[in-house]
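*Asks:* Protein chains in written order, with this note's numbering: chain A, 5 to 381; chain B, 5 to 381.
Because the hints were derived from the structure by calculation, they are not lab data.
A couple of the hints might just be wrong.
Note: identical chains are not told apart, hence a pair may lie in one copy or across any two.
[As the list claims (entries may be wrong)] Think about it this way: if two alpha-carbon atoms lie no more than 25 Å apart in a straight line, the pair counts; the simulated SDA-like pairs of lysine to any residue are:
id	residue 1	residue 2
1	K324	H276
2	K108	T128
3	K345	R272
4	K223	H156
5	K359	P194
6	K324	D73
7	K108	G284
8	K324	S123
9	K108	T349
10	K324	R272
11	K324	F101
12	K324	V268
13	K324	H88
14	K324	G284
15	K324	N277
16	K324	R275
17	K117	I360
18	K241	S205
19	K324	G79
20	K117	F6
21	K131	A323
22	K131	N277
23	K202	L343
24	K76	D296
There are 2 protein chains.
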Amino acid sequence: MFEFDILATQGRARAGVFHTPHGDLTTPVFAPVGTQATVKLLTPAQLDELGASLVLSNTYHLYLRPGDDLVKEMGGLHEFMQWHHPMLTDSGGYQVFSLAGTRKIDDDGVTFKSHIDGSTHRFTPEKSIAIQENLGADIIMAFDECSNPNDHAYSRLAMERTHRWAERSLRAHSRADQALFGIIQGGIVPDLRSTSTKFISSLPFPGIAIGGLSVGETKGEMHAMLDLVIQSLPSAKPRYLMGVGTPEDLIDGISRGIDIFDCVLPTRLARHNAAFSSEGRLNLMNASFTHDTRPIDGSCDCYTCQTFTRAYLRHLIVAKELLAGTLLSIHNLHALIHLVKDIRTSILDGTFENKIPSWMEEWRGNAERGAKLPQTD
Amino acid sequence: MFEFDILATQGRARAGVFHTPHGDLTTPVFAPVGTQATVKLLTPAQLDELGASLVLSNTYHLYLRPGDDLVKEMGGLHEFMQWHHPMLTDSGGYQVFSLAGTRKIDDDGVTFKSHIDGSTHRFTPEKSIAIQENLGADIIMAFDECSNPNDHAYSRLAMERTHRWAERSLRAHSRADQALFGIIQGGIVPDLRSTSTKFISSLPFPGIAIGGLSVGETKGEMHAMLDLVIQSLPSAKPRYLMGVGTPEDLIDGISRGIDIFDCVLPTRLARHNAAFSSEGRLNLMNASFTHDTRPIDGSCDCYTCQTFTRAYLRHLIVAKELLAGTLLSIHNLHALIHLVKDIRTSILDGTFENKIPSWMEEWRGNAERGAKLPQTD
Numbered sequence: 005m006f007e008f009d010i011l012a013t014q015g016r017a018r019a020g021v022f023h024t025p026h027g028d029l030t031t032p033v034f035a036p037v038g039t040q041a042t043v044k045l046l047t048p049a050q051l052d053e054l055g056a057s058l059v060l061s062n063t064y065h066l067y068l069r070p071g072d073d074l075v076k077e078m079g080g081l082h083e084f085m086q087w088h089h090p091m092l093t094d095s096g097g098y099q100v101f102s103l104a105g106t107r108k109i110d111d112d113g114v115t116f117k118s119h120i121d122g123s124t125h126r127f128t129p130e131k132s133i134a135i136q137e138n139l140g141a142d143i144i145m146a147f148d149e150c151s152n153p154n155d156h157a158y159s160r161l162a163m164e165r166t167h168r169w170a171e172r173s174l175r176a177h178s179r180a181d182q183a184l185f186g187i188i189q190g191g192i193v194p195d196l197r198s199t200s201t202k203f204i205s206s207l208p209f210p211g212i213a214i215g216g217l218s219v220g221e222t223k224g225e226m227h228a229m230l231d232l233v234i235q236s237l238p239s240a241k242p243r244y245l246m247g248v249g250t251p252e253d254l255i256d257g258i259s260r261g262i263d264i265f266d267c268v269l270p271t272r273l274a275r276h277n278a279a280f281s282s283e284g285r286l287n288l289m290n291a292s293f294t295h296d297t298r299p300i301d302g303s304c305d306c307y308t309c310q311t312f313t314r315a316y317l318r319h320l321i322v323a324k325e326l327l328a329g330t331l332l333s334i335h336n337l338h339a340l341i342h343l344v345k346d347i348r349t350s351i352l353d354g355t356f357e358n359k360i361p362s363w364m365e366e367w368r369g370n371a372e373r374g375a376k377l378p379q380t381d
Numbered sequence: 005m006f007e008f009d010i011l012a013t014q015g016r017a018r019a020g021v022f023h024t025p026h027g028d029l030t031t032p033v034f035a036p037v038g039t040q041a042t043v044k045l046l047t048p049a050q051l052d053e054l055g056a057s058l059v060l061s062n063t064y065h066l067y068l069r070p071g072d073d074l075v076k077e078m079g080g081l082h083e084f085m086q087w088h089h090p091m092l093t094d095s096g097g098y099q100v101f102s103l104a105g106t107r108k109i110d111d112d113g114v115t116f117k118s119h120i121d122g123s124t125h126r127f128t129p130e131k132s133i134a135i136q137e138n139l140g141a142d143i144i145m146a147f148d149e150c151s152n153p154n155d156h157a158y159s160r161l162a163m164e165r166t167h168r169w170a171e172r173s174l175r176a177h178s179r180a181d182q183a184l185f186g187i188i189q190g191g192i193v194p195d196l197r198s199t200s201t202k203f204i205s206s207l208p209f210p211g212i213a214i215g216g217l218s219v220g221e222t223k224g225e226m227h228a229m230l231d232l233v234i235q236s237l238p239s240a241k242p243r244y245l246m247g248v249g250t251p252e253d254l255i256d257g258i259s260r261g262i263d264i265f266d267c268v269l270p271t272r273l274a275r276h277n278a279a280f281s282s283e284g285r286l287n288l289m290n291a292s293f294t295h296d297t298r299p300i301d302g303s304c305d306c307y308t309c310q311t312f313t314r315a316y317l318r319h320l321i322v323a324k325e326l327l328a329g330t331l332l333s334i335h336n337l338h339a340l341i342h343l344v345k346d347i348r349t350s351i352l353d354g355t356f357e358n359k360i361p362s363w364m365e366e367w368r369g370n371a372e373r374g375a376k377l378p379q380t381d
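Bound conformation, chain A alone (with noise of 0.2 Å):
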């Protein structure tokens, strides 16, 4: 259980098979959001549809509501959700800690204020371990400081104690059919990001996640921080790059030997109307599709492009029909989940590193634009 097999690699890019109590899980790998046990507005059969393999769900979230326990009691967060893929749900420190002036941070752990009922609760790591077992992913995370990265001095607080708690998560631990994976801080501090990337790795974690990017820093920040987190790595342990991304992002990550993303992006922009495409993001409301017989990308094979014309969207979205939210969204997830599914086809072939250029051509235009959008679906 849990064994990594790296099946090519192409360059830094690999393409590998993760072995959960719930399939193997071929990778490099897109995951949806799901933050409260639904990717919002799809079913699983649609999900399932579309290409979905991995699906993240939080824990903060789930906590509050419907509460772990309950969870637990209908059998767990697969049978909850009617799930049978993998699973990954992350340690809820990153949307406590956004929960800013509401919640205090001490070395302990955290108290915040429910964002449902201003109720005071507090976690900490062997606190956040304890939900996860209850929920019972395949892939559960450690319990983590994410730091403003721009705050250089904070970053290395948030780091030590960051490793503190990644040493409680493990001792906290104890099912066996749960891979407990580490993650890496530091900010963007290159001295930092080595600290933590060394001193992660030299735990006995299945798998290493890096947190902290995608948060405000620049791309080239992003990336010089990437290539040095990855140099250091071993190479047997699968990659979760946190909170990526952006089609861009995606290429260029698995590019340097990413193996695991998730995002919200896909879902929220289907809920705001827009659509990834060859041409752009396209948001659909634009009255220059009132007419518009075109799918929203003629190469594309979801559902959607498959049966509705942009006109035909575009009336549901002016006409406030929920049913665009859930077409955009298929369209959304079945673009990422195939772009990486196609990446990973071309890692196998040897011919990623040739398609690189033509995948970026492809997908520009596509970024996402102005503030990183919040860490739920």
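Given chain A, work out where chain B should sit, using these hints.
*Replies:* Relative to chain A, chain B alone:
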């Protein structure tokens, strides 16, 4: 085209086939409502899977948005919304007359203000038919006036207007690939209902609808009017009871000789957390379902009941996840559509009348409560 074959009868109940350009419609049939060229929250693939055949869409809404000209340009309603089975459009009359205070009726037609932007529009029988010809449904409706059933004097005026408008609708109708149905009015006044039934039956409509019921009268009044109308209707034409109804209404209506039904109830209830079941109507937000591992209805073979627990559905509702509306719509539509299909089978094998008491018992407690729901989905 538009021949109606009655394959079997039992008492007044009939099992038939109505031949349309988009396939044979087996009757009796329950039609989901897709007001704005979509059954809310459901893809056509999901509608198909749950067993839908005929889908109703609303002329008033489509005329305003996206406009019937656009729908025509996109190849008509079937092509626009990608529903390749039979479709029906209403005349727009019911919804325009519901715009109390902003519409003005005269003998030629009705002037009204859009609920979207307040702009002024006018429907006449000729305009309604022209719009419905642009939309291109298989079954279209004559322009009629539905009166308050408790205003008997006005019911006479509205009936007389409906008759003149029926003749004008027939003259305006030009597409041979659309069946224009006439509509009987007359409120709950026996004389008026008899007069209207005879008049509408005398015109060359390939099908006949009963309007102005289920709009505020008692069940007893509705049943009396149904019995009165049906005894004077030609048996060879399909009979459509507009805007009905609950599971009990369907059993009852079929037993009285109705072939076609439509109602917003199953999808509208779904979006308000309510599900049909053999235990009576369930409100899935109820805290009693928090730990309930049963499906909505253990005897139901819809996707929702075959897949999810009540506890999960309640979680989705409490967490404000719109997937709840999708999953409850699937169940509620499946329930009514398959109830009607099961009744059809029982008419064909001669067991319907024996089964009525047990069906009535099974579906007791699912009737709509309080006022009639608006005539949209």
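*Asks:* The structure should be examined with respect to each hint, and the outcome stated for every one.
*Replies:* Checked hints:
1. Proximity of K324 to H276 under the C-alpha cut-off of 25 Å is found in both arrangements, the shortest distances being 11 Å within a copy and 17 Å between copies.
2. Only within a single protomer do K108 and T128 lie at most 25 Å apart by alpha-carbon distance; the minimum there is 12 Å, versus 67 Å between protomers.
3. Only within a single protomer do K345 and R272 lie at most 25 Å apart by alpha-carbon distance; the minimum there is 21 Å, versus 39 Å between protomers.
4. In this homomeric assembly, K223 and H156 come within 25 Å of each other (Cα to Cα) only inside a single copy, at 18 Å, whereas the closest approach across copies is 74 Å.
5. Proximity of K359 to P194 under the C-alpha cut-off of 25 Å is found in neither arrangement, the shortest distances being 31 Å within a copy and 77 Å between copies.
6. Taking identical chains as interchangeable, the C-alpha atoms of K324 and D73 lie at most 25 Å apart only when they sit on different chains, with a minimum of 20 Å there against 37 Å within one chain.
7. Proximity of K108 to G284 under the C-alpha cut-off of 25 Å is found in neither arrangement, the shortest distances being 41 Å within a copy and 48 Å between copies.
8. In this assembly of identical chains, K324 and S123 lie within 25 Å of each other by CA distance solely across copies; the values are 19 Å between and 34 Å within a copy.
9. For the identical chains of this complex, K108 and T349 are neighbours neither inside a copy (46 Å) nor across copies (65 Å), given an alpha-carbon limit of 25 Å.
10. In this assembly of identical chains, K324 and R272 lie within 25 Å of each other by CA distance both inside one copy and across copies; the values are 16 Å within and 16 Å between.
11. With identical chains, the CA atoms of K324 and F101 are at most 25 Å apart between copies only, with a shortest distance of 23 Å across copies and 34 Å within one.
12. Taking the shortest Cα distances, K324 and V268 sit within 25 Å of each other both inside one copy (22 Å) and across copies (18 Å).
13. Taking the shortest alpha-carbon separations for K324 and H88, only the inter-copy value of 23 Å comes in at or below 25 Å, while the best intra-copy value is 32 Å.
14. Taking the shortest Cα distances, K324 and G284 sit within 25 Å of each other inside one copy (24 Å), while across copies they are farther apart (32 Å).
15. For the homomeric pair K324 and N277, the shortest alpha-carbon distances inside one copy (11 Å) and between copies (20 Å) are both at most 25 Å.
16. In this assembly of identical chains, K324 and R275 lie within 25 Å of each other by CA distance both inside one copy and across copies; the values are 11 Å within and 15 Å between.
17. Neither within a single protomer nor between protomers do K117 and I360 lie at most 25 Å apart by alpha-carbon distance, with minima of 45 Å and 56 Å respectively.
18. With identical chains, the CA atoms of K241 and S205 are at most 25 Å apart within one copy only, with a shortest distance of 9 Å there and 78 Å across copies.
19. For the identical chains of this complex, K324 and G79 are inter-copy neighbours only, at 22 Å across copies versus 37 Å inside a copy, given an alpha-carbon limit of 25 Å.
20. In the homo-oligomer, the alpha carbons of K117 and F6 never lie at most 25 Å apart, since the shortest distance is 35 Å inside one protomer and 64 Å across protomers.
21. For a Cα distance limit of 25 Å, the shortest separation of K131 from A323 across copies, 23 Å, qualifies, whereas the shortest one inside one copy, 45 Å, does not.
22. For the identical chains of this complex, K131 and N277 are neighbours neither inside a copy (38 Å) nor across copies (33 Å), given an alpha-carbon limit of 25 Å.
23. Taking the shortest Cα distances, K202 and L343 never come within 25 Å of each other, neither inside one copy (31 Å) nor across copies (64 Å).
24. Taking the shortest Cα distances, K76 and D296 sit within 25 Å of each other only across copies (13 Å), while inside one copy they are farther apart (48 Å).
Consistency note: the structure conflicts with the earlier hints numbered 5, 7, 9, 17, 20, 22 and 23.
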